[in-house]
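Residues 1 to 372 (full-length UniProt numbering) make up the sequence shown, in order.
Among the hints, a few may not be true.
With a straight-line cut-off of 20 Å between C-alpha atoms, the simulated EDC-like cross-links for lysine to aspartate or glutamate are [stated by the list, open to error]: (1) 328 with 290; (2) 176 with 122; (3) 328 with 315.
Simulated restraints on C-beta separations [stated by the list, open to error]: (4) 343 with 93: 48 to 54 Å; (5) 69 with 323: 39 to 45 Å; (6) 299 with 68: 19 to 25 Å; (7) 221 with 55: 20 to 26 Å.
Simulated from the structure, these hints should not be mistaken for lab results. Heads up, the beta-carbon is just placed ideally off N, CA and C, and yes, glycines get one too.
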Amino acid sequence: MIGSPSAPVEAPSRSLEIATPAVLRQLLRDTPDPGPLAVPMHSRAGRLTVVGADQYAMLTRTYRQMYWVAPAAIAYPSVITHVRLGTQLLAAPGPARARRILGASLAETAMLAGRMAFFDLDRPHDAQDHYLVAYRAANEAADTLLAAAVLAHTAFIPAFDAAPTAAADILDFARKTATRDAPTVMRAWFDAVQSEFESLRGTPERGLHLLDRAEDLLCHPDNTPTPPWLDFFDASRLWGFRGRAELTARRMDQAQSSLNDALQNLPPNGDKQRAVMYADLAEAAFQAGEVDEACGRLFQSIDMLRVHWYSMGMDRVRDTRKQLEPYKNSVAVRQLDEALASFSELAPTDETGFVALPSAEDQRADRRDDRR
């Protein structure tokens, strides 16, 4: 158990040995030194309190909201710092209620760090480490829904690494972990995630059947409350999943209709998803022989990415650009290439891989320049 007052925290691989299927143990077999998780700090750090856990949870809610509006490359180091704080606090002894509150908040924060690493920043190995911390913390909090969400996110790693069987096994374990108490929106999300995996493995028709079931679930919600951290899926995102599956199935007209419906219904903070959907619409336009329209859609995607960098969005842009190669000498494609060439993917990073923040001397120099 994390933070047991009588012994150092168990190494991640041991707890996974009991709690997860073989495929997940294989995925997370090369566990790095967990750092603060393994340090028995309680002898010098005092006790965890309910008030302290509540304050940590309040900051977690702020990071949850900030994810949609702050550049991921800038926010990511702060989220990781919050994860480290949570692991250190959880290593201290404290009442069961405080540990549940803190464990759930730490799990959510670490899951957020994993999402940022995987989807925003293209750092799957870092995402894997974050999800491991999140899964252990969710177990500490006895929060099966949060543990299931972490597992489902973890399944994206093998899915995008050409390991569909591993992804399917992990997602199946996530469904079983959630149990029947999962709200309808979560069960619909599981189906949508599985549909994405079916598209990746070239079986989009199976994915479309899953999306039919997901849509039926969203149309007939139950009274089970949706966890506040499940803010990354709704009907508009479902239509985005459907548009992608239809695109893979070469149902171009249906894909365009689904993607346009998704765009019209995305919340104002959905620019990352807009970037993906514009790129998918670009591919649909290209398949219909509309090169100029395809380039126009890619420009729209790039406009979104300039404000909110999203690695998944840029991957879609690049994939569609490759298909435009036969038209590389056209005016529209040349202009697109110029835009891509001038595009700065991420803020400068230092040797740690985090955003390179200006030094104190740099800040003083900037102030001197401003006064001139």
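Taking the hints in turn, this is what the structure says about them:
1. 328 with 290: 14 Å, holds
2. 176 with 122: 28 Å, violated
3. 328 with 315: 19 Å, holds
4. 343 with 93: 48 to 54 Å: Given a distance of about 50 Å, which is inside 48 to 54 Å, the answer is holds.
5. 69 with 323: 39 to 45 Å: 32 Å, violated
6. 299 with 68: 19 to 25 Å: 23 Å, holds
7. 221 with 55: 20 to 26 Å: 33 Å, violated
Of the hints listed earlier, those the structure fails to meet are numbers 2, 5 and 7, in rising order.
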